[in-house]
Amino acid sequence: MQPAALEGKPVAEALIASEADIRSGLADNLVRLWRYGLVLSHRRDIADDLVQQTCLRALERVEQFEAGTRLDRWLFSILHSIWLNEIRSQRVRLGQGFVDANEALVVDGAHDTETHVMANQVLRLVNALPDAQRAAVFLAYVEGLSYREVASILDIPIGTVMSRLAAARAKIAANVSGEGAT
Amino acid sequence: MNDKNPILSDEELTAYIDGELSDAEVSRIEALLHSNERVGARLKFLSRSSLQFKQAFEPLLTAAPKTELDAMLGIVPGDAKPAPSRPSRRGFLSAIAACLVAGVVADQAFIGIRNRLHAPDENSEWRTVVAEYITLYTADTLAGPSPSDDAQAAQLALLDDKLGLSLSPQTVSLPGIEFKRAQLLQYDDKPLAQIAYLDPETGPLALCIVRSAVGTKEPDVEGRHGLNVVYWSNPTHAFMLIGRIPIDRMQELAEDVRKKTLA
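Residue numbers (our numbering), protein chains in the order written: chain C, 98 to 279; chain L, 117 to 379.
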């Protein structure tokens, strides 16, 4: 089973070249992947595991990467799937709780600036969202992905992306405004 | 989905804000925005959630243990069956700690962006900006012990210096409400003094001061973003006290501060 794009090239050579590309793409995206892992799990150690497993999985499945598509999107979807199908379910099964979201994503406060305080408040608002909404908000508004790309990474229909983002916006707006809309 | 506004769903308005609609859909929504007040109000409400997400999450990139991650990729075997091995946890944690201490990218745009959307009434706009800030404060924002009198005086001295004030821990003290910090912010390229307090019952409140040439104005009250505001000015400065304390109590507190800052 060979990807169509590789037609006419010696398969071994194509795969080697492709793996080098993926390796270099991984190196460029490690920090962003780690941040997504942190947003999903609220745990630095799990973010670390998620990145490592994403690297392994991507290198194992080089041939599944469609040439000409965005590598970072592909890596995000691998990380998300590992989180959802493996790590998260395992943690739930083992009954290990998650740390308080308010603690996990907040940046060190030793040298507080007002910007810093505000950033932490935005993080808190996002952290307060349910998991599914939080992932959609992160991908759409922090990573700047289109609805279509978010849908592909989360493996859900575009309509579901829209409703998660709409629900998240309503909730954040309500929290920003204090009690309800004015 | 949204029973408050049957004409346009929150999904449609969200997609509109996010620029995800076709030209035809955009035209339809914009026509409705002109003709239907509730649509506009709902759009305005949902737009409050347009925060600086990118900037807020930027520091988490700095916080990532980049060196360790790079090393990890280096040890991932390229062949078929890699044995997962990981860097030592201890090394990881110290790397994370180092990255965290390295701090945060300060982003002036973060403050600037919040000035939009509001009427360009110079005298009240600064209060809008402050109110937007304070709505985001929680008791957590101001967690931790209150500074000593000496520390308070030192923080206030910085404000005095930049704004030509003469504040002391006594002049800015509020009865029964803890002083948490005094800091110098910036609004519209001008210094803004913010003294933050924590009321055990209603949460954060703040006394904010800017230079002002508007002249003396008696205290007045207003509500902004669900917060109570008492504001006034003397010949050199404009003041506002903002929080969730009931308005008559806020007025008493403000009057107390006003007298002390006159002296």
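There's no promise every hint is true.
Where chain C lies over chain L, by a calculated footprint (3+ residues, C-beta under 8 Å) [to be verified]:
1) 131–142
2) 156–165
3) 318–332
It is worth saying that the hints were derived from the structure and are not from the lab.
If you're wondering where the values come from, they're calculated on a predicted model, not measured in any experiment.
Using N, Cα and C, we set each Cβ at its ideal position, and we do this for glycine too.
Against the structure, the hints come out as follows:
Counting residues of the region 131–142 of chain L whose CB lies closer than 8 Å to any CB of chain C gives 4, which reaches the minimum of 3, so the coverage claim holds. Remark: the region 156–165 of chain L is confirmed as covered by chain C, as 6 of its residues place a Cβ nearer than 8 Å to a Cβ of that chain, reaching the required three. Evaluation of the coverage hint for the region 318–332 of chain L: breached, as 0 residues show C-beta separations to chain C shorter than 8 Å, against a requirement of three.
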